[in-house]
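S.K.: Sequence:
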Amino acid sequence: DYSIHGAYWHHNFGHPMSHGCVNLPLGEAQWFFDWAPIGTLVIVHA
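Number 34 marks the last residue of the sequence shown (this note's numbering); no jumps.
Calculated from the structure, these hints are not laboratory results.
Quick caveat, the model's predicted, so the values are computed rather than measured.
Take the hints with a grain of salt, since some may be wrong.
Said to hold, decoys possible - Listed next, with one range per pair, are the computed distances between beta-carbon atoms: (1) P25 / G(-6): 16 to 22 Å; (2) I26 / N0: 25 to 31 Å; (3) F1 / D22: 25 to 31 Å; (4) H33 / D(-11): 15 to 21 Å; (5) H(-2) / P25: 25 to 31 Å; (6) H33 / M5: 17 to 23 Å; (7) P25 / H(-1): 26 to 32 Å; (8) P13 / Y(-10): 17 to 23 Å; (9) F1 / W23: 15 to 21 Å; (10) H(-1) / G27: 18 to 24 Å.
Even for Gly, the Cβ is constructed at its ideal location relative to N, Cα and C.
Could you build the full structure based on these sequences and the hints that come with them?
M.R.: Following this line, the structure appears as structure tokens:
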């Protein structure tokens, strides 16, 4: 499983920093959480 979540421990977004999760700045993670109902299908293109 993978996650989309806030990352307070780094500010190097746009560069690989995890083993598959999508790290977001905290403000953007909060917006995403508020915007998407639980269970929303998300497709990530890399």
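S.K.: Which numbered conditions among the earlier hints are violated in the structure presented, ordered from lowest to highest?
M.R.: Hints 3 and 10 contradicted; others consistent.
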